[in-house]
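Generate the whole structure from the sequences, applying the supplied hints.
Number of protein chains: 2
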Amino acid sequence: MISREKHDRMANAIRFLSMDAVEKANSGHPGLPMGAADVATVLFSRFMNFDPKNPLWPDRDRFVLSAGHGSMLLYSLLYLTGYEDITIEDIKQFRQLGSKTAGHPEYGHISGIETTTGPLGQGVSNAVGMAIAERKLSEEFGSDLQNHHTYALVGDGCLMEGISQEAIALAGHLKLNKLIVFWDNNSITIDGAVSLSDSTDQIARFKSVNWNTISVDGHDPDAIAAAIEAAHLSDKPTLIACKTVIGFGAPNKQGTHKVHGSPLGAEEIAAARKSLNWDAEAFSVPADVLDAWRLAGLRSTKVRMEWEDRLGATANETRAEFVRRFAGDLPGDFDSTIDAFKKKVAANNPTVATRKASEDVLEIINGLLPETLGGSADLTPSNNTKTTQMQAITPADFSGRYLHYGIREHAMAAAMNGIALHGGLIPYAGGFLIFSDYCRPSVRLAALMGIRVIHVWTHDSIGVGEDGPTHQPVEHLAALRAIPNLLVFRPADETETAECWQLALKEKHRPSGLALTRQNLAPARKEYEEKNLCAYGAYELVSSSDAQVTIFASGSEVEIALKANEMLQQRGIASRVVSVPCVELFMGQPDDYRAAIIGTSPVKIAVEAAVREGWDAIIGSDGIFIGMKSFGASGPAKELYKHFGITAEAVVESAEKRLS
Amino acid sequence: MISREKHDRMANAIRFLSMDAVEKANSGHPGLPMGAADVATVLFSRFMNFDPKNPLWPDRDRFVLSAGHGSMLLYSLLYLTGYEDITIEDIKQFRQLGSKTAGHPEYGHISGIETTTGPLGQGVSNAVGMAIAERKLSEEFGSDLQNHHTYALVGDGCLMEGISQEAIALAGHLKLNKLIVFWDNNSITIDGAVSLSDSTDQIARFKSVNWNTISVDGHDPDAIAAAIEAAHLSDKPTLIACKTVIGFGAPNKQGTHKVHGSPLGAEEIAAARKSLNWDAEAFSVPADVLDAWRLAGLRSTKVRMEWEDRLGATANETRAEFVRRFAGDLPGDFDSTIDAFKKKVAANNPTVATRKASEDVLEIINGLLPETLGGSADLTPSNNTKTTQMQAITPADFSGRYLHYGIREHAMAAAMNGIALHGGLIPYAGGFLIFSDYCRPSVRLAALMGIRVIHVWTHDSIGVGEDGPTHQPVEHLAALRAIPNLLVFRPADETETAECWQLALKEKHRPSGLALTRQNLAPARKEYEEKNLCAYGAYELVSSSDAQVTIFASGSEVEIALKANEMLQQRGIASRVVSVPCVELFMGQPDDYRAAIIGTSPVKIAVEAAVREGWDAIIGSDGIFIGMKSFGASGPAKELYKHFGITAEAVVESAEKRLS
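These protein sequence lines map, in sequence, to chains D and H. So for the first sequence, the numbering used here puts the first residue at 1; every next one is plus one. So for the second sequence, the numbering used here puts the first residue at 1; every next one is plus one.
Worth flagging that the hints you see were computed from the coordinates, not collected in a lab. Please note that the accuracy of each hint is not assured.
Pairs involving identical chains hold if they fit within one copy or between any two copies, as the list cannot separate such chains.
Unchecked claim - Pairs of lysine to any residue residues, derived as SDA-like cross-links and limited to a Cα-Cα distance of at most 20 Å, are as follows: (1) Lys-508 with Asp-288; (2) Lys-629 with Leu-585; (3) Lys-175 with Ala-204; (4) Lys-508 with Tyr-536; (5) Lys-531 with Phe-283; (6) Lys-175 with Arg-273; (7) Lys-344 with Ile-214; (8) Lys-274 with Asp-85; (9) Lys-274 with Val-289; (10) Lys-274 with Arg-310; (11) Lys-508 with Asn-520; (12) Lys-506 with Pro-350; (13) Lys-24 with Glu-639.
As structure tokens, this is what we get:
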């Protein structure tokens with residue numbers, strides 16, 4: 001049992017490390033670490049199951065600092081509890097170029113950082129995903145191997161953001177009772193008092209979405225501990241509302257927005273040292289306090305070793321599967337299975353929408369990969385994401401593999417990030433491409449973290465038809481391609497769809513999105529080819545050694561390119577066609593491959609039912625672009641293509657005009 | 001008083017027009033119009049103050065169909081009540097190319113469409129903005145000129161979306177008691193029952209954010225009427241939860257997701273005709289029913305004429321101001337005021353961050369334009385959006401001109417759309433550029449609608465510094481430039497900032513965003529120039545008739561371009577510098593201007609602390625780009641610029657290398 005005095009000193013260690021680091025960096029957020037230090041100390045010294053020496057232990061409790069600006073709270077905890085990849089020197093380098101202790105916690109920098117946070121509302125939504133993963137894996141592998149809690153710390157900012165409200169509603173619906181959220185209720189935001197902009201009764205709001213709620217004094221360790229104990233017994237997720245004082249311990253500034261995001265200044269820090277009775281130097285933690293923290297870090301060693309024993313005693317096959325799943329490796333026969341599917345496709349050459357092609361591929365994938373967790377933001381019949389293996393997960397039964405995320409694109413994307421970060425599962429889910437805008441912040445974070453999350457974005461152009469411009473993506477391909485480290489696939493037929501899925505699944509450290517059509521497409525590739533040609537990003541579909549014209553196209557417009565090519569041949573104009581299923585992969589090819597594919601034909605044309613932005617890199621700023629210059633319109637898809645001039649005839653006409 | 005029988009027939013007219021139009025289009029959503037017909041009939045026949053002959057009457061009640069897929073509900077209402085710009089022929093052309101009756105209601109197509117809806121959650125958030133505008137203008141011009149209600153109809157989809165939850169919390173906080181939201185509580189979504197994905201107690205949730213709530217049978221006209229009457233007396237916004245049957249009247253399909261988004265089929269429509277005792281042909285409305293509806297359309301004529309009288313009796317100056325404000329015209333001395341400011345700036349040539357420059361410009365603008373309504377998503381001290389004229393709006397006092405929107409970027413953007421759509425005010429508000437991702441769907445809708453909404457996006461690059469990659473936009477300029485009809489300004493100094501603000505405010509039919517720096521910038525333009533040079537999108541800052549090198553740059557990188565230019569001159573290399581404050585405006589210039597600005601120097605270099613995408617159109621695919629190829633990092637801004645190689649030295653080196 002930790003005495004109150006010891007607790008206070010342990011919490012104060014967090015406070016001073018945070019004050020000192022922010023002061024040295026002359027930048028950062030001391031308010032949250034100081035205010036939430038008591039909550040964090042209780043959690044990490046009495047409850048969290050974690051092992052700093054084995055930070056990736058699959059059954060560890062997860063802790064997500066959703067209010068990522070309070071990063072010094074997390075860095076302090078990781079250093080104090082003895083994570084080996086963070087030292088006091090790292091803390092001194094807070095917010096400096098190249099340091100592990102970035103302004104906001106970044107996944108991959110230190111092993112105890114479970115997710116990158118900072119953009120508000122994301123972390124708590126990741127935590128919902130982690131809790132989903134835990135429950136699902138516990139159902140699958142048993143509570144001997146998966147039985148942990150997920151904790152998140154949120155501020156008012158997180159709770160005001162719509163994404164968190166989506167995620168919280170989903171968690172309440174699914175009764176994720178091992179999810180515990182601490183609300184750092186300090187009544188302060190950057191602009192001033194929370195009351196400037198909000199009057200929400202958070203307790204009532206959480207109750208309305210099926211949460212258990214507990215309110216405590218966030219500076220009373222025993223009350224916090226009692227709340228956590230009570231939360232552990234709940235059959236619902238729990239909100240622990242912790243009334244705190246932001247910047248607790250800074251005698252003149254605490255409780256105001258002045259401590260939120262600025263260094264306290266030497267004078268105030270000196271005053272805090274006095275008021276908290278702390279005489280250690282900056283960055284120095286008294287031995288008794290460090291010892292107490294290191295002991296806290298050793299607390300779960302036994303629990304972890306017992307878990308190792310249970311894993312060791314697990315049947316070989318199950319154990320191997322569990323280990324494989326957490327390593328993120330695909331089964332050995334993955335490639336050959338996709339290959340066999342490609343052969344079958346080449347034998348039939350179906351004319352299908354790529355969303356349907358994707359369903360066919362997923363049918364194979366989901367049969368082979370028990371780790372896929374599918375879903376849709378209430379567009380299941382349109383996204384074609386639910387294959388025969390996929391039964392719906394319900395609050396009472398997590399044996400299914402399909403999540404009805406509801407009309408919550410943003411929380412879905414963030415939850416998928418959490419599922420991927422948790423390990424053991426590969427999340428994919430569907431939405432309309434237009435609604436990628438609703439979840440962009442989470443897609444970006446997946447790219448920044450480098451995690452395997454797969455978005456199925458159907459209805460990817462004016463091919464949507466009658467629903468009109470509100471539902472027709474025009475700028476989305478360009479906007480998504482602009483995100484570093486994200487792969488945007490736009491396959492042209494069933495074969496390319498299979499190849500793109502294969503690539504997306506094999507990318508352990510990059511998220512992907514597949515842009516798929518609503519409308520049927522004729523096959524672009526009719527012959528079986530062992531190589532995954534989409535892996536090149538762009539490749540020749542039709543060659544010509546002396547081409548006057550090269551037509552580049554992606555997805556649904558490859559059909560148009562092929563037709564235009566035929567028409568050009570008929571008119572005696574030599575031309576070639578390049579399919580471009582993934583611009584990012586193409587840009588990553590060696591210079592000579594890129595040069596060969598771009599080629600030297602005097603006329604270069606790109607066809608894509610979207611804006612031109614980005615295509616100049618391939619066709620040159622003098623290249624011809626056949627695509628969209630404006631928003632779309634409501635009408636039958638075929639008429640729209642004509643109306644906007646995205647036709648084989650337009651391609652041919654522009655080529656002839658340029659050549660004449 | 002409308003008898004129950006008459007009511008039923010009026011509601012059934014909506015139902016059959018909707019069924020018939022969807023059937024003819026073979027596409028669309030009959031479920032909502034049929035289920036919500038009773039609610040809409042009560043509202044439009046008994047309560048709404050509107051005048052189909054004067055559809056833009058400034059004090060009309062606003063009606064927003066947030067569940068935009070139910071567009072036939074709105075089209076039916078507009079046709080039946082006698083709007084002159086919609087005929088039965090238009091209804092027959094539902095969802096056809098070029099028709100006014102698009103798949104989703106589109107602002108500008110028919111005068112009674114108050115906003116474009118379809119992407120869920122947007123409409124209700126627009127409605128919050130409209131209610132803010134009404135309250136603000138009522139405070140300013142008195143209730144004689146502004147005193148109307150704002151009604152919105154939402155479905156479960158709208159309520160699950162995070163944006164609506166942000167907007168609802170804001171509305172409750174501000175006590176927008178003239179906002180009344182009908183929830184079409186039909187328990188069905190596309191995937192099936194709402195219970196598949198949600199367990200929210202909506203009544204409790206609305207109560208938790210300070211709303212008045214009423215539950216009614218959505219097919220009982222008197223109960224609906226009583227609820228609206230009660231709502232009118234509330235001092236809070238009101239949710240009227242209307243329990244409805246989706247597809248009401250389709251005997252075999254109603255109450256299921258089968259009626260949501262597909263034609264009913266001839267057989268089911270015939271059955272509905274029988275069950276609802278409706279013997280009129282398709283698209284034919286019996287004379288008694290049409291008469292009743294047209295009478296409903298005339299209901300508010302007297303109210304409108306009384307309003308006209310009051311406007312006529314208003315003091316000349318106030319009346320002229322009111323009329324000017326609703327026409328969206330700027331005061332006559334706007335240009336000269338900006339011009340005078342530019343002179344002052346040229347006399348001082350301050351070194352300032354453009355976010356601070358923006359504050360200086362806003363100080364002038366807000367002094368001149370009483371119609372600006374400022375705000376920020378809780379980043380007021382960082383966005384510099386609050387000038388001396390701006391006092392905060394509070395729930396009790398709307399005399400201020402500044403809204404603390406809270407940490408709700410998405411609802412803020414959508415509310416700004418609603419404020420602009422309402423008329424009489426010009427909304428602007430601040431956020432970090434990185435968080436433009438959080439509000440992209442609303443920014444897109446502003447662009448699609450062509451409305452004057454101005455986003456102040458500060459902290460626009462790695463210049464953010466220590467906060468790191470989660471807060472450093474890299475792809476956002478490219479992603480925003482990809483949106484058609486949106487102007488993205490990135491001024492380089494205080495003079496350009498003034499010019500960009502001038503342009504943004506003069507664009508009555510386009511939204512704008514200003515990307516502004518956190519860090520100080522040396523002035524790029526030192527001489528006063530009467531012309532607004534930013535209006536060209538790009539222009540020469542430094543000329544050279546025989547330039548070997550042209551350097552293009554925007555915003556903070558203009559400083560780097562100018563320094564590189566000097567270094568090149570010193571090395572005897574002739575070079576010129578082009579400032580590119582607005583790519584979209586530049587692309588819209590005549591070909592000869594564009595060609596002249598791009599020029600013919602053998603080496604073209606673009607410098608922008610962002611991804612390359614889009615720049616090839618100016619520098620060519622063989623041009624040199626000095627910018628970002630990855631996400632940013634945490635560290636002091638100056639070090640980051642060096643680390644990522646965005647320096648004058650790098651520009652010079654690359655130029656020399658290319659020339660050698």
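Hint-by-hint comparison with the structure:
1. Lys-508 with Asp-288: neither (43 Å within a copy, 67 Å between copies)
2. Lys-629 with Leu-585: Answer is between; shortest inter-copy Cα gap is 14 Å, intra-copy 26 Å.
3. Lys-175 with Ala-204: So Lys-175 and Ala-204 pass the 20 Å test inside a copy (17 Å) and across (18 Å) alike.
4. Lys-508 with Tyr-536: Classified as within: same-chain Cα gap 18 Å, cross-chain 46 Å, threshold 20 Å.
5. Lys-531 with Phe-283: Neither: 56 Å inside a copy, 56 Å across copies.
6. Lys-175 with Arg-273: neither (44 Å within a copy, 44 Å between copies)
7. Lys-344 with Ile-214: neither (57 Å within a copy, 58 Å between copies)
8. Lys-274 with Asp-85: This pair counts as neither: shortest intra-copy Cα distance 32 Å, inter-copy 75 Å.
9. Lys-274 with Val-289: within (18 Å within a copy, 81 Å between copies)
10. Lys-274 with Arg-310: This pair counts as neither: shortest intra-copy Cα distance 50 Å, inter-copy 67 Å.
11. Lys-508 with Asn-520: neither (31 Å within a copy, 41 Å between copies)
12. Lys-506 with Pro-350: Cα proximity of Lys-506 and Pro-350: none, with 25 Å in one copy and 53 Å across.
13. Lys-24 with Glu-639: Answer is between: at 17 Å across copies they meet the 20 Å cutoff, but 63 Å inside does not.
Taken one by one, the earlier hints fail for this structure at numbers 1, 5, 6, 7, 8, 10, 11 and 12, listed in ascending order.
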